[in-house]
Structures are given as C-alpha cells and as structure tokens.
Amino acid sequence: MSNLNELSITEAAAKLKAGEITAVDLARACLAEIEKKNKDLNIFLEVFDDVIAQAGAADARRKAESSEGKESHPLLGIPLAIKDNILIEGRKVSAASKMLENYTATYDATVIKKLKEAGAVFLGRTNMDEFAMGGSTENSAFGPTKNPLDPSRVPGGSSGGSAAAVAAHMALGSLGTDTGGSIREPAAFCGLVGFKPTYGKVSRSGLIAMGSSLDQAGPLAHTVADAELLFNTIKGKDALDSTSLDQSQWQGRTLPLQKRVGVPRHLLKEGVESDVLQKFEESLKQLQAKGYELVDIELPSAPLALSVYYVIMPAEVSSNLARFDGVRYGLSVKGENLFDDYAKSRAAGFGPEVRRRIMLGTYVLSAGYYDAYYGKALAARDKLTEEFKKVLAEVDAIAVPTTPCPAIKIGEKSDPLSMYLLDIFTVTANITGNPAISVPMGMVEREGVQLPVGIQLTAAHGAEDILFTIGKEVEA
Amino acid sequence: MISKEEVQNLATLARLELAPAEVESLQKDISNILEYVGQVSAVSIDGAEPKAPMLRNVLRDDAAREAGDTMAGKEARVKEAFPKREGEYNVVRKIIQKDE
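These protein sequences, in sequence, are chains G and L. If you use this note's numbering, the first sequence corresponds to residues 1 to 476, in order. If you use this note's numbering, the second sequence corresponds to residues 477 to 576, in order.
Bound-form chain G, shown alone:
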C-alpha cells in the first residue's frame, strides 16, 4: 500500500469509511511529509498547531455519526491545504504580503464554513503570489515556492503553494483562487487537476479580493473526482455574496453530452511550444477514440483576451486594494501627515508587482484614458462572452493547452509582460465567467526532467458537470 498521504481524497474517504484508517493517521502522514520537505520547498507559510486535534475531532464525529446510523460526509477527516488569501476565523491570513503579515481573520470564508461543516481538516496556509498577483509564486513577500517535481522550477501561481502541497503529497487536496488562471496554471505545472467554477457558483465571501468580477475559489486535486467532490462541497448561493447564484439561474446546456469538443486552432498557430502542442493533439485523439467529434471553431475576439484582462484586472485591483490604508487593519506606518501615512504604509506593505498593478489600474481608470482602455475592454469582454455563448451552444466544451509551456525556471521571466503571457489561455474563462478545468495531458522533457502539462476544457455557464465528465475521459 502506498503511504497514506499519497492517497487520493476518494481513496482515503473509502478507507476512512471502512474503518481501515483514521483521520489522525492521515493527518500524521501529511504532517510528516510537510516536516520532511517544507523547509526546502517553502510551500506552507504556516502549519497549524492543532491539526491532530482537528483530525481527532473528525474521528470522534465519525464514530458518533456511525452509531446514529448516519452517513458521514466524504470529506470528514480529509487533510486539506488552504491558500493564504482565504479567511479562517482566528488564524493568520496574509495574502503572502507584508501588508497583512500579522493580520488575523475575523470570520470564516463561506467556503471554509462549508468545509468545516463537512469535517475537513485544515493543515495550514499555503504560499502564493502576493495578493494573488502572479503566475509563479515568485511574488510572495515570503520567498518563492519551489516545484516539487523539479525544485529549480516554479510551481506556477498564484495558487502555487496550494498546487505544490498536493503535488508533494503534503495534503490530499487544496483550495486556491483563480482570477486569471491562478488555479489552472499551477495545476498544469504540478501535474494536477485544477478547476475554476462558473463565476457566481462559489461564494467569494471571505476571499481577499483581487479582481471582484473575475475571482473564484476552486479546488486542486490529484483526480477529477476529487476536484468534483471539493467543488460540490463549497458551491452554492450565499447571502454574503450577491454575485453568487443558484444553478437554476443558468440557462446553459448541461448533460447529456453531444460528444462534440471545439478546438480554436487559430489560437494555436504560434506561441505554444511544439511538444506541448503534440501532447495536446494526442489527448484530442484520445477523446476522438472515445467517440468525441472534434470541431474547428473560431473565437474571433479571443486574441484580445489577454489585453482585456490586463486592463480590467488592474482596474479592479487598484480599487480593491485601496482599503489597505494603514488605518483599519494591516501594516501602519506613520508619516508627516495623513497623505504620508497612506503613501508610506502602502509603499512598505505592497511588493513591486502589486504596486505595478495598482499604478496600471489607476492609469486605465483615470480621466482621459478611461474610454480608451477600460471602456473598450468592457466592450470587448461582452463581445468575447457572446462568442463563447454561441460556440458553446454547438459544442460541449472548448479545448486548448492550459499553458504554452511547462513550468518555467525560477527567475526565468524577469520582464512583467513576458510573465503575463503565461496566462494567455487561462484568462478568457475569467473574463467570460465560464467554468474551466485543467487536467494533466502527459509529460514533456526539459533539461532531462519530465514535466507535466495540462489540457484546459471550458464549458457553458453552469455546466460544470460537462467538464467533470469529459475531464474523467481525458485522465483515464
């Protein structure tokens, strides 16, 4: 038998249910792995000191439920890692920023509340790009996280710690947040399944906001079934997030499948590394062999997606991060006058990438530029959303590689724009609000090391079940 920390959530849940193992056994196995590797890989910013107690409580609850003849939730006693921008009451939550280094969460995020109700065990909070801004976890104020598959490389980002924790078998699954690919890109770089739900499917209450019209929380896991289980536990309309919706509020198609997958070949002509493209073609063939029809589709506005994203996102960032003023919470630096208090607190608290995006957002929203940038980006966003709607009425899902390349080297991309290009295929689903999943599609070799790459599937709004169904075919 493999080590307990190497089990999938589904496997562990079956063993817990059968009484073969306890939640304490699972927690111990994960903690031992963390102890062994975290110092080198810098994955967890904090490992909670009450993990065994949480697991013990889960075991006690299982016993009580079983004596009452009640079925326990499959996540009861499952050890999970949580990204450091998701609030757990009474615990530190820093968004990997000096600004919130000593901040303690005042309440539970709705996703945490739901996981607590299910009985999941929280191992600790994972490293990330500061305020979720980045694609490599190099922008953390607490040092980069290393990819467990090749420590000279990044795990992706911004949910890099959450991805690396699962890939290194320190946790069975994890939660991340995805504003422009921050779950799917690290999932691809670490050989995992990463899932971004339809905008509005999962409550954003208690996430440290980055781009409020783009952010969604979602799972990272070893298998599609695990990701589906985590998603089904955290989803749902929430009175604390007025952008959350019920399933009934989507008119989108759902199962049964038409078994048609759209491929926008016009987007793949350049920029994707050739062996990544080859793996992509192989997984398409695999789908074809399972009776899927591949359809050439056109998304005329898709080449604009990255530009649209890098206008809308910084605009929302500059507004959302205005709350960090050194007055109500977080880092506070005293200056000569009130303006100075603000400017000094924000300069000391925010890292370079966060400052860059705040400045960019301030620019695109300022009088004289608003129409040329933000106004146009909103118009393009509508156009793109319409194009996706139209295409997704004809096919079940749209397939592209999740990233143009496998995990990059730490320090490889020092120019911000070249880093942004990693998001070229992932930002679209955030702009349009569609659900999207990244599933491993094989390995490519770089410098003698086998590195995973992922295929991304995007479905109609509210049609998560389509992604899980096709995702399982890809991973099989």
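Just so you know, the hints here were simulated from the structure itself, not pulled from any lab data. Among these hints, one or two may not hold up.
Subject to a maximum C-alpha distance of 30 Å in a straight line, what follows is the list of computed DSSO-like cross-link-like pairs (lysine-lysine) [stated by the list, open to error]:
hint, chain 1, residue 1, chain 2, residue 2
1, G, Lys116, L, Lys504
2, L, Lys560, G, Lys98
3, L, Lys560, G, Lys92
4, G, Lys334, L, Lys480
5, G, Lys413, L, Lys480
6, L, Lys555, G, Lys98
7, G, Lys413, G, Lys344
8, G, Lys98, L, Lys504
In silico negatives: residues of chain L with every beta carbon more than 10 Å from chain G [unchecked claim]:
hint, residue
9, Met477
10, Asp505
11, Asp538
12, Gly563
13, Tyr565
14, Lys574
Built from N, CA and C at the ideal position, the CB exists for glycine as well.
Place chain L on chain G using the hints.
Coordinates of chain L only, in the frame set by chain G:
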C-alpha cells in the same frame, strides 16, 4: 513612453510612495504593458448604446442579521485588528482641520 511626472501623478492618486529608481522602472514597465493592452482600443463600439452587460442589482432584504450570521459577534476580532487602538476606539489621525 509615459513621463516621470505622469508616473508621479499616478502614485499620488494611488497613495503610493515611490523611490526614484522605481519611478524609472515603472515608466518602462507601464509603457510596455500599455503598448500591449492598447490592442483593446481597436475594438469597435459604434452603433450600439453602451448596454448594461448582463448585470443587474441584487439587494438583500432589509432585515436584521441573525445570531448565526457570519459577521455576528465578531466585533471583538475586528477591534483587535486595528493598528492603533484605545479601548473601544480605533485611533486615527485628525482629518478635519480648520483652514488657515
């Protein structure tokens, strides 16, 4: 390329203190990024009135929050987070001043 003055003005609007070296690097970075994202200005929005894009207002009922509400009973933790506190109060700088 955007000017140093423009960068400085943006920093003022954004309430950020910048070191001189950062003004220069931001000049370069912001200009490069703007050149790339400038593609969006080619999008045609002729004809159609700017429509409200699939958005609608969602209002909650005007009702008191119940005991089980997420934020209920969390005052103590909110106060603990204040950078400078005096008893029940968050201490802030005097903002309203007499014009000289």
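**Study point:** Broken hints, by number
**Key:** 1 and 10
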